[in-house]
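Generate the whole structure from the sequences, applying the supplied hints.
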Amino acid sequence: AQSVTQLGSHVSVSEGALVLLRCNYSSSVPPYLFWYVQYPNQGLQLLLKYTSAATLVKGINGFEAEFKKSETSFHLTKPSAHMSDAAEYFCAVSLTNAGGTSYGKLTFGQGTILTVHP
Amino acid sequence: GAGVSQTPSNKVTEKGKYVELRCDPISGHTALYWYRQSLGQGPEFLIYFQGTGAADDSGLPNDRFFAVRPEGSVSTLKIQRTERGDSAVYLCASSKSSGTGAQPQHFGDGTRLSIL
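Line by line, the protein sequences are chains A and B. Numbering-wise, the working numbering puts 185 at position 62 of the first sequence, and it's gapless, one number per residue. Numbering-wise, the working numbering puts 94 at position 37 of the second sequence, and it's gapless, one number per residue.
No lab work stands behind these hints: they were computed from the structure. Hints may contain errors.
Said to hold, decoys possible - Just a sample of chain B residues kept apart from chain A, beta carbon distances all over 12 Å, derived:
#, residue
1, Phe122
2, Gly129
3, Gln137
4, Asp166
Stated by the list, open to error - Quick look at which bits of chain A chain B covers, simulated, 3 or more residues with Cβ under 8 Å:
#, stretch
5, 169-182
6, 197-210
7, 227-241
Predicted, not measured: the structure shown is a model, and the values here were computed from it. Heads up, the beta-carbon is just placed ideally off N, CA and C, and yes, glycines get one too.
Set out below in structure tokens:
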């Protein structure tokens, strides 16, 4: 079975500081990995995705994530936080079979609420 | 272009009533997904469609929940004999295909369902 763990339900940073949101997955076959952001009363917006190409993935709004198979991690980072980054962030995995075909459904972590203070 | 549209945005009803939640996916997207998000939790998978057929309904919690997609576009999630525990935000997502695995899912803003 696959699972996703996001370490830290709340992260608080100062504006301009580094943002680091942690995500670890458990899967016997490397999955497809995604980060989504959710603003209050809105749906989820895709930030970036890992689909077995480059291990360092760049997304929107200056975010990036690095896939580390040895650590089964896919942490999200941004060098300098903006006030507008305050939101809830979800890591998600899409399990694949040995042939690389996805089963479709996403399994999400519990989410990390990012607070940015002046 | 238009994104995933969900209606209604909010639904309040009494315990025991029947509700229907509608999802209009992005045009051309063959895969459609339903998720349920409880307060303080990540979304949980309910069901997904590839075209008109339900390819995986393993997330439906019980037989009170049912979903259809008769023409391969709009989908309706139906909940019978609603219970207070059904209160949540129901999210719909669509993607070009689920088969490749690499296609990201695009989400609607959700329907906030409250059972009194």
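If you test the structure against every hint from before, which numbers come out violated? The structure conflicts with hints 4 and 6, although it agrees with all the remaining ones.
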